[in-house]
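J.: Chain residues, written in single-letter form:
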Amino acid sequence: MSVLRAILSGDPPRGRTLSFVLLAILFGLAFAPWLFPGSASVNVAAKICYFVLLAASYDLLLGYTGIVSFAHTMFFGIGGYGAGLALYNLGPSWSAILIGTGAALVLAVALALIIGLFSLRVRAIFFAMITLAVASAFSILASQLSWLTGGEDGRTFRLPEELRPGFRLLAGPFAINGRIITYYLVFFTALILFLLMLRVVNSPFGRVLQAIRENEFRAEALGYRTVIYRSIGNCLAAAAAALAGVLSALWLRYTGPAVTLSFDIMLDILLMVVIGGMGTLYGAVIGATVFVLAETYLQTVMAAISHATAGIPLLPLIFHPDRWLLWLGVLFVLSVYFFPAGIVGRLAARR
Amino acid sequence: MTAPAASSLPASAPRRDLAPLLLVPLLALAVLPLIGSFSTWVTLTVAGLAMGMIIFIIASGLTLVFGLMDVLNFGHGAFISIGAYTAAVLAPSLAGLMQVDSLALNFVALLALIALAMAVTGVIGYAFERIIIRAVYRQHLKQILVTVGGLIVAEQLIIAVFGPVQIALPLPTAFRGALIFGDVAIERYRLIAVVVGLVIFAAMLLVLGRTRIGLLIRAGVENGEMVEALGYHIRRLFVGVFVAGSALAGLGGVMWGFYREALTPGMGMDVMVLVFIVVVIGGLGSVGGCFIGALLVAVTANYTGFLAPKLALGSNILLMALILLWRARGLYPVAKR
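These protein sequence lines map, in sequence, to chains A and B.
Read in order, the letters of the first sequence correspond to residues 4 to 354 in the numbering used here.
Read in order, the letters of the second sequence correspond to residues 23 to 359 in the numbering used here.
Among these hints, one or two may not hold up.
Stated by the list, open to error - Heads up, simulated DMTMM-like pairs for lysine to aspartate or glutamate below, C-alpha to C-alpha not over 20 Å straight-line:
(1) B:Lys332 with A:Glu219
(2) B:Lys164 with A:Asp156
(3) B:Lys164 with B:Asp92
(4) B:Lys332 with B:Asp292
(5) B:Lys164 with A:Glu155
(6) B:Lys332 with A:Glu155
As the list claims (entries may be wrong) - Footprint (simulated), chain B over chain A, 3 or more residues, beta carbon under 8 Å:
(7) 14-24
(8) 130-137
(9) 313-323
(10) 335-349
Please keep in mind that the hints were generated in silico from the structure rather than gathered at the bench.
C-beta atoms are modelled at their ideal positions from N, C-alpha and C, and glycine is treated no differently.
With the hints as constraints, model all of the structure from the sequences given.
T.: Put into structure tokens, the structure is as follows:
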């Protein structure tokens with residue numbers, strides 16, 4: 004037990020139901036290629052993995068530091084483009100992945116630092132607006148530099164030998180191909196980074212961030228340089244988001260503005276963190292899982308409802324399968340009001 | 023809270039601070055030799071001013087709402103879309119007024135569309151304030167989240183009703199085409215946008231500067247608690263300002279819709295990026311700063327769009343960075359912040 008506590012940085016999920024749900028998610032993701040065979044469902048599992056990482060890194064800002072950033076997809080995109088463009092230009096090798104990841108990390112942290120020093124210095128509320136502006140400029144820049152980024156079309160690239168679907172590690176009934184290796188690369192990287200973030204938020208540094216969130220003035224009076232702490236928090240979140248971007252690029256074997264930089268993804272992350280529960284990294288796990296599952300399967304349910312209500316005016320329009328985001332938006336607003344601790348808060352309260 | 027930043031500034035802005043007023047004329051003169059041709063320069067400047075006026079109309083409501091109650095409404099963009107779509111729905115029924123080649127009749131049609139759009143967005147703004155914003159006064163984080171949620175829902179509802187594709191909003195007949203002075207061509211609608219923007223700006227200055235309500239609003243922005251202490255309901259005032267701000271966003275949406283002659287469900291959010299830059303540049307809560315910021319952002323975007331198209335949006339970020347380096351709280355910082 005104490006080893007487990009140490010792995011979870013002394014911050015295990017509270018409540019039995021919550022622990023059970025989280026274990027189920029972990030189990031499902033860990034054995035996804037065997038439990039849910041078929042490329043569509045493994046795609047969903049991989050997407051959950053890197054979105055858990057992305058949402059958790061966003062929660063570092065939103066839930067733990069109490070600042071709203073709209074530039075998180077920018078860092079996600081930097082990671083995606085970093086790995087993707089390196090693989091595209093340098094050829095499919097492991098060193099290309101490393102170079103791309105390294106370059107992406109440097110760029111992401113530098114940008115996060117500049118934005119943070121510029122806007123966190125004055126007023127935290129500027130931060131939301133300035134990040135929105137910077138992120139939209141970045142996404143336009145990315146689609147305009149088409150000689151480098153492939154513009155709106157993005158870039159499709161090849162992975163190193165070991166990660167290709169044609170690669171076979173074992174023959175027979177337990178065949179492991181390159182796709183499964185890639186999946187586990189994504190899964191374990193996301194898991195390790197998630198545990199690292201859990202370590203960060205439970206460290207003295209993380210406590211200071213929470214203190215700033217609760218009462219900035221008081222934290223400053225206690226002698227903490229709030230701007231520095233916030234900027235470091237911002238840089239850590241940016242680095243983690245960039246790594247999530249690298250994972251998404253590896254899984255999709257594609258990078259482009261629609262899958263990394265678009266404002267829609269920013270809203271998705273916001274929904275995940277708030278619906279899952281702000282201020283607890285486990286919320287990000289549940290939020291991302293619920294969201295990706297809803298995105299994939301809610302549409303089928305809604306198609307059925309839409310079909311059933313065909314005779315009534317307006318209802319079929321509202322239940323149209325493409326309107327799933329409408330319902331998550333309503334859920335989002337309701338959760339900000341009525342259960343600000345999100346699904347995790349509900350589950351933890353039940354014990 | 024922000025002592026290091028504050029100490030580099032004077033305690034409060036001087037009463038007559040004229041330096042920001044010179045920014046737009048100086049910028050316009052500075053780029054004249056770069057552009058080379060006078061007629062191109064006039065066209066670009068007028069286009070920039072027209073766009074700037076529309077952005078000002080939208081941003082002014084946002085900045086006042088923030089100044090008065092510290093409410094940052096990310097859902098403001100929804101009212102832009104709602105205003106524009108209202109105009110698109112009602113435009114066909116006014117076809118008789120819009121498709122004749124008469125400036126006067128077209129104007130009547132435009133004013134009618136504007137009035138109706140403002141009524142619709144004003145009513146929705148009232149409901150938005152009641153249902154969405156009231157519960158989260160003084161909680162910035164929740165405000166941003168809830169208003170973003172409102173924006174998502176509004177955008178999705180627009181898609182549910184009008185579909186995700188772009189719909190056309192053709193200009194009234196007499197507003198099309200350009201006026202030619204020598205070799206300078208100026209599109210008519212741009213002039214109209216400038217005129218409408220100036221009228222709104224003048225009306226706003228008049229209301230804020232010469233009426234009792236305006237006095238209360240300005241006092242509320244400066245020091246809300248003191249206004250409350252003197253026996254005025256600042257919340258009631260705020261509801262009024264919020265409704266007016268939403269209606270102005272609706273008006274801006276109509277003007278913007280006609281400017282582009284096409285509507286998309288995400289159009290509000292697209293404009294909001296510029297609006298936020300404008301509000302930050304101008305100083306949160308300041309109408310004058312908002313006006314200068316809007317013109318500055320729009321003419322800069324137009325000039326760079328011509329001189330170096332790839333940098334167009336980047337130029338606004340650069341502009342914002344430069345202004346914030348010069349005045350860390352925007353051109354006209356409001357004293358209490």
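J.: Next step is simple, just say for each hint if it's right about the structure.
T.: Hint check:
Straight-line distance between C-alpha atoms of lysine 332 (chain B) and glutamate 219 (chain A) comes to about 40 Å, which puts the hinted pair past the 20 Å bound. Using a Cα cut-off of 20 Å, the hinted pair lysine 164 (chain B) and aspartate 156 (chain A) is violated, with the two alpha carbons roughly 36 Å apart. Proposed proximity of lysine 164 (chain B) and aspartate 92 (chain B) is supported: the alpha carbons are some 12 Å apart, at most 20 Å. Our distance criterion of 20 Å between C-alpha atoms is met by lysine 332 (chain B) and aspartate 292 (chain B), whose separation comes to about 18 Å.
For the hint pairing lysine 164 (chain B) with glutamate 155 (chain A), the CA-to-CA distance comes to about 34 Å; that exceeds 20 Å, so the pair is violated. Taking the CA atoms of lysine 332 (chain B) and glutamate 155 (chain A), the gap is about 15 Å. The hint holds against a cut of 20 Å. By the rule of at least three residues with a Cβ nearer than 8 Å to a Cβ of chain B, the coverage given for the region 14-24 of chain A is violated, with 0 such residues. Proximity of the region 130-137 of chain A to chain B, defined as three or more residues with a beta carbon under 8 Å from a beta carbon of that chain, is established by the 6 residues found.
Counting residues of the region 313-323 of chain A whose CB lies closer than 8 Å to any CB of chain B gives 3, which reaches the minimum of 3, so the coverage claim holds. Three residues within the 8 Å Cβ limit are the bar, and the region 335-349 of chain A against chain B gives 5, so the coverage statement holds.
Checked against the numbered hints above, the structure violates hints 1, 2, 5, 7; every other hint is satisfied.
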